[in-house]
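A.B. asks: Listed here are the chains, written in short residue letters.
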Amino acid sequence: GNSVTQMEGPVTLSEEAFLTINCTYTATGYPSLFWYVQYPGEGLQLLLKATKADDKGSNKGFEATYRKETTSFHLEKGSVQVSDSAVYFCALRKGTGRRALTFGSGTRLQVQP
Amino acid sequence: DTAVSQTPKYLVTQMGNDKSIKCEQNLGHDTMYWYKQDSKKFLKIMFSYNNKELIINETVPNRFSPKSPDKAHLNLHINSLELGDSAVYFCASSQDSGSGGPGELFFGEGSRLTVL
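Sequences listed follow chains S and R, in order.
Everything in the first sequence is counted per our numbering, starting at 1 for the first residue and increasing by one.
Everything in the second sequence is counted per our numbering, starting at 114 for the first residue and increasing by one.
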């Protein structure tokens, strides 16, 4: 079946540090890949997505590249801010058949001033 | 205008009661979902409807019953509530037909259910 594996958190960084949150997936075919963010007390918001191999999704300084050869979609940001503190979810969605999003377990990011 | 709205946002109730959570989307999407988020933030799909037809029905106790009166609404009814039902329930929607590929899901703000 489909699955997504994320690095365990929490990840604690100082402001302006470089961020990487690892994500790997298992799926048949060619899924679309997503990063969602959940700020404290809120619902999930789409952060970025990529729909095919070698696509790079980017938004708000965050980037992730769809790497089919390593089945990965790692999230990166060059300089984090306190306001980036949230839980980040990697997810995949297949194009056919059962098309619900399959989520990773989430990674909590804490950015300290 | 809220794209995916859920009510109530908070629900506190006693074990054994029956409760419902409602969800409405104004995006014109054809597919809606219910997800459960546990205390460790893990998100698990429960149900999905496409144009009022149930297409995903995960291993969920049959005390949980979804109902979709039309493609803009998906409600979740829970009978005989148990302590373990305490969680945040998220509604979501997506456009599947004619979308050219698996697009993103849009989520509501969640309904926090606490069973005492």
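Bear in mind the hints are in silico, worked out from the structure with no lab data behind them.
Heads up, a few of these hints could be off.
[Claimed, not checked] Examples of chain S residues lying across from chain R (beta carbon under 7 Å, computed):
hint, residue
1, Pro40
2, Leu44
3, Leu48
4, Ala53
5, Arg67
6, Ala86
7, Leu101
8, Phe103
9, Ser105
10, Leu109
[Unchecked claim] Label-pair ranges, simulated between beta-carbon atoms:
hint, chain 1, residue 1, chain 2, residue 2, range
11, S, Asp55, R, Lys153, 25 to 33 Å
12, S, Asp54, R, Leu196, 44 to 52 Å
13, R, Asp151, S, Gln45, 16 to 24 Å
The C-beta atom is built at its ideal place from N, Cα and C for all residues, glycine as well.
A.B. asks: Hint by hint, say whether it matches the structure.
C.D. replies: Comparing the hints with the structure gives:
Interface hint status for proline 40/S: violated, as the beta-carbon distance to the closest one in chain R is roughly 11 Å, over 7 Å. With a cut of 7 Å, the hint placing leucine 44/S at the interface with chain R holds, because the nearest CB-to-CB distance is about 4 Å. Annotation: leucine 48/S was flagged as interfacial toward chain R, and the flag is violated, the nearest CB pair being 10 Å apart, outside 7 Å. Checking alanine 53/S against chain R by beta carbon gives a least distance of about 13 Å; that is not within 7 Å, so the hint is violated.
Because the beta carbon of arginine 67/S sits about 18 Å from the nearest beta carbon in chain R, more than 7 Å, this interface hint is broken. For alanine 86/S, the interface hint is violated, since its Cβ never comes within 7 Å of a Cβ in chain R; the closest pair sits about 11 Å apart. The closest approach between the C-beta of leucine 101/S and any C-beta of chain R is roughly 5 Å, which is under the 7 Å cut-off, so the hint is satisfied. At a threshold of 7 Å, the smallest CB-CB gap from phenylalanine 103/S to chain R is about 4 Å, leaving the interface hint in force.
Interface hint at serine 105/S: satisfied, since its Cβ lies 6 Å from the closest Cβ of chain R, which is below the 7 Å cut-off. Interface hint at leucine 109/S: violated, since its Cβ lies 12 Å from the closest Cβ of chain R, which is beyond the 7 Å cut-off. Taking the beta carbon of each, aspartate 55/S and lysine 153/R are about 30 Å apart, inside 25 to 33 Å as hinted. Range check, aspartate 54/S to leucine 196/R: Cβ separation about 47 Å, and the 44 to 52 Å hint holds.
Judged by the Cβ atoms, the range 16 to 24 Å given for aspartate 151/R and glutamine 45/S holds: they are separated by roughly 20 Å.
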